Amino acid sequence: MRPSLRNESDIPVLSGTRLSRRLGLLGTVAFLLPSVTWLLSLSGSYVVEDFACTAAASADAPPSTAALRAILIGSNVVLMAVTLLAGIAGWWLLRKARSSDTDAMYAFFGWTVLAFAILYAFSIVLIGIHPLLLEVCA
Amino acid sequence: MTADSVTDLDDRFDGTWSNPRGFRGFFSVVQHKDVGMRYMVTAFVLFLIGGVQAMFLRVQLAQPENDFLGPETYNELFTMHGTTMMFLFAIPFLEGLASYLLPLMIGSRDLPFPRYNVFNYWCYLLGGLILYSSFLFALVPDAGWFSYVPLSGPDFADRSMDFWLFGLTLAEIAAVGAAIEISVAILRTRAPGMTLNRMPIFAWTMLAVAFLIIVAFVPLIVASVLLELDRAVGTAFFDINAGGSPLLWQHLFWIFGHPEVYVMFLPGAAIISHVIPAHSGRPLVAYPLVVVALASTAVMSLGLWVHHMYTTGLPSLTMSFFTAASMSITLASGLQVFAWIATLWLGKPRFTVPMLYSLGFVVTFVLGGITGVMVASVALDTQVHDTYFVVAHFHYVLIGGMLFPVFAALHHWWGKVTGRHYARRPAVIAFWLVFVGFHVTFFPMHLSGLWGMPRRVYTYEQELGVGLVNLISTVGAFVIAAGVVLLTVNLVISHRRGAPVGVETGDSLEWTTSSPPPSENWRRIPMVTSRNPGWDRDEPVDADTRAALDEAFDARPVEFRATPLTTVLSAEPDGAVLLPRSTYWPLVTPVGLAILAVALLTQWYPLSAVGVVVGIVGLAGWAWRNESEYRVEHVRPLAGRFQFEAHGTRSIGWWAAASASIVIVVAVATLTFSALYLQVNASVWPLEDTVGEPVRFTAVAAALLAGLGVTWRAARQGRHELWDLSRPEVRRAQFIAVAVAMCAAVIALVLLVPLWLGDLDPAAHAYESSVWTLLGAQVLAILAALAMTIAALHARMRHRRDARTGLLLHAAALLWAAAAVSWAMVWMTSDLLPRLVI
Chain A
1 MRPSLRNESD IPVLSGTRLS RRLGLLGTVA FLLPSVTWLL SLSGSYVVED
51 FACTAAASAD APPSTAALRA ILIGSNVVLM AVTLLAGIAG WWLLRKARSS
101 DTDAMYAFFG WTVLAFAILY AFSIVLIGIH PLLLEVCA
Chain B
1 MTADSVTDLD DRFDGTWSNP RGFRGFFSVV QHKDVGMRYM VTAFVLFLIG
51 GVQAMFLRVQ LAQPENDFLG PETYNELFTM HGTTMMFLFA IPFLEGLASY
101 LLPLMIGSRD LPFPRYNVFN YWCYLLGGLI LYSSFLFALV PDAGWFSYVP
151 LSGPDFADRS MDFWLFGLTL AEIAAVGAAI EISVAILRTR APGMTLNRMP
201 IFAWTMLAVA FLIIVAFVPL IVASVLLELD RAVGTAFFDI NAGGSPLLWQ
251 HLFWIFGHPE VYVMFLPGAA IISHVIPAHS GRPLVAYPLV VVALASTAVM
301 SLGLWVHHMY TTGLPSLTMS FFTAASMSIT LASGLQVFAW IATLWLGKPR
351 FTVPMLYSLG FVVTFVLGGI TGVMVASVAL DTQVHDTYFV VAHFHYVLIG
401 GMLFPVFAAL HHWWGKVTGR HYARRPAVIA FWLVFVGFHV TFFPMHLSGL
451 WGMPRRVYTY EQELGVGLVN LISTVGAFVI AAGVVLLTVN LVISHRRGAP
501 VGVETGDSLE WTTSSPPPSE NWRRIPMVTS RNPGWDRDEP VDADTRAALD
551 EAFDARPVEF RATPLTTVLS AEPDGAVLLP RSTYWPLVTP VGLAILAVAL
601 LTQWYPLSAV GVVVGIVGLA GWAWRNESEY RVEHVRPLAG RFQFEAHGTR
651 SIGWWAAASA SIVIVVAVAT LTFSALYLQV NASVWPLEDT VGEPVRFTAV
701 AAALLAGLGV TWRAARQGRH ELWDLSRPEV RRAQFIAVAV AMCAAVIALV
751 LLVPLWLGDL DPAAHAYESS VWTLLGAQVL AILAALAMTI AALHARMRHR
801 RDARTGLLLH AAALLWAAAA VSWAMVWMTS DLLPRLVI
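Taken in order, these protein sequences are the chains called A and B.
All residue numbers for the first sequence refer to the UniProt record's numbering, where the first residue is 1 and numbers rise by one.
All residue numbers for the second sequence refer to the UniProt record's numbering, where the first residue is 1 and numbers rise by one.
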C-alpha cells in the first residue's frame with residue numbers, strides 16, 4: 001500500500017493501541033491548567049491593582065477601591081476553583097490508571113496534575129488573600 | 001543481501017554521516033555535537049576572561065581607598081564581568097551542553113534543525129565579538145550588566161552602550177533560536193517508547209527552560225531595541241519629560257532577568273538529578289514530583305520580576321503579590337532538594353568528583369536559597385537593597401546553582417564526550433579549592449553588605465570597617481582562581497593524554513552508545529522501555545516496532561541523513577525527519593546582521609544596506625539549498641512507512657513555524673505591554689489625538705485575514721492524498737493562494753509603510769514613539785509572512801509534487817496568523833485603548 005499523507009496505521013504501535021486522544025488531551029490540559037491559572041492570578045492581580053491605581057492617580061481621579069478589591073478577590077477565587085478542577089481531573093486519571101494497571105502515562109499525568117493543583121491552589125491563596133489584609137491603591 | 005553489499009551500504013551510511021574537517025569544516029559543519037562543543041568551548045573561554053575581570057575587581061576592593069583601578073575602569077570591568085558571565089558564558093554554555101547531550105539522551109541522531117543550530121552559534125559568537133571589540137575602541141560599556149536607564153540612555157552613556165545593546169541582541173537572538181531547537185527536539189524526536197513519564201530530567205528541564213527563554217528573552221530583545229531607538233532615533237520610551245518612564249526599562253529587564261536566573265539554575269539542577277542517581281546507583285526518588293518542581297519553578301520564575309524593584313515606590317499591595325509568588329517558588333525548589341537527599345539516603349553514594357561538586361551544589365544552593373527567601377521579604381530587601389548582601393546572595397545562587405553543576409557535568413560526561421579519563425587527584429584538589437575559595441570569597445560579603453557596604457562602588461572608606469572582610473573575599477577569589485586553573489589544565493591534559501575509557505554505565509540513554517559517540521549517535525535507533533534505559537538495556541521491546549524501525553533506520557538511509565519522528569506524549573513512531581548536512585549558508589545571515597550592527601555602531605549607514613543584502617542573500621541561499629535537498633528520492637517514505645512530508649503537526653516544519661509565530665506574538669505583546677504601562681503612568685496620552693485611521697486599519701486587517709485564509713485553505717487541499725501526488729487543480733490552487741497572499745502582503749505594506757514613515761514624529765512623545773515602533777514591528781511581521789509565502793512559491797516552482805508546497809503554505813498560514821494577531825494588538829494599543837483614558 002502506498003502511504004497517503006495521513007497514515008496512522010502503517011507504523012506498528014508500541015503497546016498495541018495508540019494513546020487515547022481524548023485522555024491525552026485531558027491529561028495535557030489538566031497538566032498545563034494550574035500553571036496558567038497561577039500566572040493569570042498573579043498577572044491579573046498586578047494589572048488590576050497597579051494599572052488601575054496608577055491610571056487613576058495619573059488622571060487625578062479617585063480610584064474605586066471597593067470595586068477593585070471585589071474584582072481581585074473574586075477573580076482569584078474563580079482561578080483557584082479552576083485549579084482545583086484540574087486537580088479533580090488528575091485524580092480521575094489516577095484512578096483510571098490504577099484500574100487498568102497498564103497506563104503508566106495516565107498515572108504520571110494523574111500524580112503530576114494533583115501535585116500541580118495543590119501547589120498552585122495554595123499559591124493562588126497566598127496572592128488572593130492580600131487584598132483582605134492591605135489597602136487597595138495605598 | 002551479500003556481505004559485500006552490506007559493507008557497501010555501511011560505507012555509504014558512514015560517508016553520509018561524515019563531517020568535513022579543517023577550514024571547510026569549521027565554517028560549514030552543522031552536526032549537533034560539533035556545534036555543541038563549539039558553544040561550550042567558546043563560552044568556557046569567555047568564562048575565563050570574565051573570571052580574570054573579577055580578579056581585577058577583587059584586587060581593587062582588597063583594601064579601602066585603593067587606587068589599583070580608577071572608577072571608570074572599575075565600572076567597565078564590573079559591567080563586562082556581569083555581562084560576560086550572564087549572557088556570554090552561562091546561557092550559551094548550557095545551550096551548548098543541551099545541544100551536545102540532548103539528542104544522545106533522547107535517542108535522536110541530531111537536532112531537528114541542524115543548520116538553524118549553527119546559525120544561532122554564529123549569532124552568539126559575532127555578538128560576543130562585537131561586545132568585546134569595544135575594548136579596541138576604548139568604548140567599553142560601563143552601566144552595569146543591567147544597564148539601568150537613564151544611566152544607559154542618551155544623556156549619560158556614550159557609544160559604549162551601543163556595543164552592549166548590539167552585541168547582546170545578537171546573543172539573545174541566538175538564545176531564542178536555541179530554545180526553539182531544543183523544544184522541538186524534545187517534543188518530536190525522542191526515541192520510540194520514551195513517553196513523557198520516561199523522559200530524562202534533563203530533557204524535561206530543557207523543555208521548561210526553552211519555554212522560559214521564548215517568553216522571557218524576547219522582552220529583553222524588545223527592551224534593547226527600545227533603548228537603542230531612544231539613543232539613535234530619539235524616541236521617548238524612557239524619557240520622563242515626554243511621556244516615557246525609566247521604570248519601563250526595569251520592568252522589561254527584570255521580566256527577562258529573573259527568569260534568566262532560573263534558566264541557569266534549572267539545567268544545573270537537572271545535571272544534579274542525573275549525577276546523584278548515577279553515582280549513587282539508584283534511580284532518582286520521586287521523579288513525578290521532581291518534574292512538578294522544575295516545571296513549577298520555571299512557571300513561577302516568570303512572576304517574580306517585581307521583587308527586584310521593591311524600592312522603586314510600588315504600591316504595597318502590588319509588592320505583596322510578588323512576595324507571595326517569591327515565597328511560593330521556594331516550595332517548588334525545595335521539592336528537588338528533598339528528592340536529591342532521599343536518593344543519596346536510599347542509594348550507595350560514591351564520592352567521585354561529579355558527586356563532590358553535586359554535594360557542594362546542594363550546600364551552596366540551599367544557603368543561597370535561604371538568603372533568597374530573606375530578600376523576597378519587602379522589609380529586609382529594603383534594608384539590604386544595593387548592598388553586598390545581594391551580591392553574596394546571587395553569587396551563592398549562580399555559582400552554587402549553575403557553576404558547580406557545570407563542573408559536575410564536565411567530569412560526569414567527560415569520558416562520554418572525549419573517550420578519555422581525567423586525572424582524579426588534581427580534579428579533587430580543584431574541587432576543594434573551588435568550594436573552599438567560593439565560601440571564603442562570598443560568605444564575608446553577607447557581612448560587608450549588612451554592615452552597609454553598597455555594591456557597584458569602586459572603593460570604600462576605612463571608617464566603614466569592612467576592610468578585613470573585603471581582604472578575606474579577595475584571598476578567597478584567588479583560591480577559586482587557582483581551582484579553576486587546575487581544573488582547566490587537568491581537563492586539557494586529560495583530553496590529550498588521558499587513558500581511554502572502557503564501557504561506562506549511567507542511567508540515561510547516552511550511556512548506551514560508544515564513547516565518544518559516533519557522528520550518527522545511533523546506528524540502530526534505540527527503543528526505550530523504562531525511565532533508566534542505561535540500566536535497563538536488556539528489557540524486551542515490541543518486536544513489530546523494532547522490525548519496522550530496523551527496516552527503515554538500521555544503518556539507513558544511506559544517501560541522506562534522517563531520524564525518526566515520534567508523537568509528543570507517548571513517543572510512538574510517527575514519521576521521519578530529513579536532517580540537512582554541512583553547508584556554509586547559515587554563516588552568511590549572521591555575518592549580514594553583524595555588518596548591520598557595525599554600520600549602526602559607526603553610523604556609516606550605507607554599510608547597513610550591505611548588511612541587509614548579505615542577510616537576505618544568506619536566507620535565500622539557505623532556502624535554495626534546502627529545497628535542493630528535498631528531492632523526491634529523499635522524501636520517499638522510509639521502508640514505505642516513515643513519512644517525511646506528512647501534514648500539519650506531523651511535519652517538523654510546522655513546529656518551527658509555530659515557534660516563530662509565538663516569538664512574533666510575544667515580541668508584539670511586549671511592545672503592547674510597554675505602551676500600556678506608559679499610558680497609565682503618563683498624565684497625557686496621547687499629546688493631541690490618536691492615529692485614528694479606521695478605514696486604513698480595517699483594510700490592513702482585511703488584507704491580513706485574506707493572506708491567512710488563502711494560505712490556510714490551500715495548505716489543506718490535497719492533505720489526504722498520496723505523498724508524491726501532483727494534481728493540476730491542487731497546483732493551480734496553490735499558485736493562486738501564493739499570488740493572493742503576496743498581493744495581500746503588498747497591500748498591507750502599502751497601507752502601513754506611509755503611515756509608519758509619514759507624519760508620525762517618534763521623538764515628540766512616548767505615544768508617538770510607541771505607535772511608530774508598533775507599526776515597524778507590524779511591518780516586520782508581515783515581511784516574515786511574505787517571506788514564508790515566497791518560500792512556498794519557490795517550492796512550488798522547484799518540485800512536481802504538491803505535498804512540499806502544502807507544508808510550506810501551512811507554515812506561511814501560521815505566520816499570517818501571527819501577523820493578524822499582532823495587528824489586533826497594534827490596533828488596540830495605538831488607537832482603541834488611548835481613547836479609554838480615565
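Read the hints as simulated data drawn from the structure, not as lab findings.
From a predicted model like this one, the values you see are computed outputs, not experimental measurements.
Backbone N, C-alpha and C fix where the C-beta goes; we use that ideal spot for every residue, glycine too.
Hints are supplied without guarantee of correctness; some may be wrong.
[Stated by the list, open to error] Residues of chain B clear of chain A, computed beta-carbon distances all greater than 12 Å: (1) Gly82; (2) Gly144; (3) Phe211; (4) Val362; (5) Pro518.
[Stated by the list, open to error] What the simulated footprint calls covered on chain B by chain A, stretch by stretch (three residues with Cβ under 8 Å from a Cβ of chain A suffice, anywhere in the stretch; the number is not a length): (6) 110-123; (7) 195-206; (8) 675-681.
[To be verified] If we take Cβ atoms under 10 Å as the criterion, some of the chain A residues that face chain B in the derived model are: (9) Ala59; (10) Ile88; (11) Trp91; (12) Gly128.
Taking the numbered hints from earlier one at a time, note which ones the structure violates and give those numbers from smallest to largest. Violated: hints 3, 6, 10, 11.
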